[in-house]
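Engineer: Below, each chain spelled out in residue letters.
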Amino acid sequence: MRVSIAGASSTKFGKHPESSARELLTDACLGALEDAGMSPDEIDELRVGNFMGELTDDQGHMGVMAADYLGTAGVSATRTEIACASSGWAFRNACTAVEAGVADVALVAGVEMMHATGIQRLTDALADAADNEYENSCGLTFPGIFGLIARDYMDEFDVTREQLAEVTVKNRANGVRNPISQYQEEVTVEEVLEARPIAPPVSLLDSCPITDGASAVVLVSPEYADEEGVEASAVVVGSGASTDTLALQDRASLSRTTAAERAAKRAYENADVTPDDIDVAEVHDCFTIAEALAVESLRFCERGEGARFTAEGETAPGGSIPVNTSGGLIAKGHPVGATGAAQIVELTKQLEGSHPTQVEDAEVAVAHNVGGSGASTTVHVLEAQSRGGS
Amino acid sequence: MPEWFDEVLDAVEDGEPFYLSCESCGASSLPPRRICPDCGSSELSRKDLSETATVETYTPIHVTIPAFSDDAPYTVAVARFDEGVRLTGQVSDGEEVEIGDDVRLGVGENDEGRYLTFEAF
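Taken in sequence, the protein lines are chains A and B. Here the first sequence stands for residues 40 to 429, where the numbers follow our numbering. Here the second sequence stands for residues 8 to 128, where the numbers follow our numbering.
A couple of the hints might just be wrong.
Per the computed footprint, the stretches of chain B lying under chain A, defined by three or more beta-carbons under 8 Å from a beta-carbon of chain A, are [said to hold, decoys possible]: (1) 35 to 47; (2) 59 to 69; (3) 72 to 78; (4) 89 to 97.
So, partial list: chain A residues that the calculated Cβ filter (under 7 Å) puts toward chain B [said to hold, decoys possible]: (5) TYR108; (6) TYR173; (7) THR227.
Simulated from the structure, these hints should not be mistaken for laboratory data. All values derive from a computational prediction rather than experimental measurement. Glycine residues also receive a C-beta, built at the ideal position from the N, C-alpha and C atoms.
Please model the complete structure; the sequences and the hints are all you need to start from.
Structural biologist: Encoded structure:
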C-alpha cells in the first residue's frame with residue numbers, strides 16, 4: 040500500500056460541554072485540511088468514525104453531517120461503526136478507496152461526545168460493543184470485561200498490579216507534554232493501585248477517561264500529490280484488520296487478542312516490515328491490561344511479557360520501542376470514535392519530526408486500534424515521507 | 008430479551024441446560040448459532056450441558072449500568088463447563104469466588120429481566 044497523508048489534526052481532548060459533535064468534527068476536519076494546504080472542495084470521499092452518537096447525543100448519520108458542515112454536501116460520505124475501532128476502520132476504508140483509485144482525496148475523521156449523557160447511560164452505551172444477551176444482561180460492563188481479562192492474564196503469567204500500573208505512569212508522563220491531552224498531571228504506581236475500584240483489578244487510574252473530541256486526517260494518492268503540488272507529511276504503507284468472537288467467553292484464551300495478532304501480521308506483511316523496523320507506536324490502551332496485550336500482539340515482546348516489558352522501561356521515551364508518546368488513551372483521552380484517527384494524527388507528527396515527545400529519527404510507525412473486548416482490530420504501518428520513494 | 012435467550016434461561020431454570028455440538032467436527036458452541044464457528048458446518052445438535060462449571064476469571068463491578076444500579080458492587084464471573092463452552096454470569100447474593108472454584112449455573116431476575124447466575128457451593 041502507498042497512500043499519502045497530506046494533513047492531520049485533533050481538537051483538544053477532554054470535556055466540551057458547550058460544544059457538539061458537528062462543531063468538533065468540523066474543527067478537526069478544517070484543521071487537517073489547513074495542515075494539508077487543501078480545501079474542502081478537493082474531497083472525493085469522506086469517512087467518519089463514530090460509535091454511539093445515537094445513544095449519547097441523539098445524533099446519527101454523521102458522515103452526511105460532516106460533509107454538510109464542510110460545505111461539501113454532494114460528496115460520497117459514510118459513517119463507520121465498529122465500536123472503539125470506528126475511525127481506525129474508517130481510515131482503512133479510506134486508504135483502500137484511495138489505493139483502488141476510487142478517490143484521489145479522502146478525508147477521514149472521528150468524533151465522540153461522551154459527556155453528553157450521564158455515567159450510567161454512558162456505561163450502558165459502551166457495553167453495546169459486547170454481547171447483549173450473554174454479557175450485558177448479567178450486569179457485565181466494559182471496564183468489567185477488561186477486569187476479567189486482566190485477572191486471567193495476571194493469574195496465567197504471574198503479573199502484578201504494580202507492573203500493569205506502569206502503563207498509566209508512563210502514559211500520564213507522556214500526556215503532560217501533549218497539549219491536546221485530557222490529563223496533564225503525572226501519577227505514581229501507588230496512586231494507580233489506591234485509586235477507586237471500577238472493576239478490580241481495574242481501578243479508575245487503570246482506565247482511560249471519558250472524553251469528548253475529534254480527529255481528522257487527509258489522504259491523497261501519491262499521483263494527486265505530485266500533480267497538485269501537495270506536500271505529504273507521511274505515507275501509509277501497510278494496513279491490516281481482523282475480527283474475533285463477539286463475546287469474550289467464546290475465545291480459546293480469555294487474555295489473548297487474536298484479532299490484533301492477525302491484524303498486525305497482515306499489516307506488517309502488507310508493508311513488508313518486521314516488528315524490529317518499528318520506531319514508535321500508538322496502541323489502544325483503554326485499560327492498562329490492553330497496552331500489555333497490544334505490545335505482545337504487535338510482537339515487540341513475547342506473549343505474557345507485555346506488562347514486564349513496560350515495567351522495565353522498554354516502551355518509555357528512550358526505550359527500545361516507545362509506545363503511546365501521545366499519552367495514549369489513558370492520558371490523552373479516548374473519545375472512542377475518534378481514537379483511531381487520533382493515533383494517526385500523533386504518528387504523523389512523529390514522522391514529521393514535530394511531536395512534543397519526539398522519538399529521534401522516527402521513520403516507521405505503527406497504529407493499533409481495538410474495538411470491543413478485542414473483537415475487532417486495525418493495524419496500520421506508516422513511514423516518514425523522507426523515507427519514501429521505495 | 009429475544010425468544011432464543013428466553014429459551015436458554017428457561018432450560019437453565021428447568022435444570023436442563025443445553026449447548027450445541029457440531030456433528031461434523033465435534034466443536035462445542037452456544038445457541039442461537041446456525042453454523043459451527045470452528046468448521047462452518049450447519050449440522051449442530053443440542054446436547055445436555057452440566058449444571059456446574061469452574062470459575063476461570065471474575066471481577067467485582069463497582070461502576071454499573073442502570074439495570075443494576077442498586078446492586079453494585081456485585082461480581083461477574085466467566086466459568087468453563089466440561090463440555091467445552093464457557094458462560095458469563097453474575098455471582099449470586101454477594102458471594103465471593105476465586106479462580107478454580109466450582110459454581111452452579113442458575114437464573115436471576117430484576118426489574119429489567121432475567122439473567123444467568125453462578126452460585127458458589
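Engineer: None of the hints should be skipped; say for each whether it holds.
Structural biologist: Hints and how they fare:
no., hint, result
1, 35 to 47, "holds (count 3)"
2, 59 to 69, "holds (count 7)"
3, 72 to 78, "holds (count 6)"
4, 89 to 97, "holds (count 6)"
5, TYR108, "violated, 33 Å"
6, TYR173, "holds, 6 Å"
7, THR227, "violated, 22 Å"
Checked against the numbered hints above, the structure violates hints 5, 7; every other hint is satisfied.
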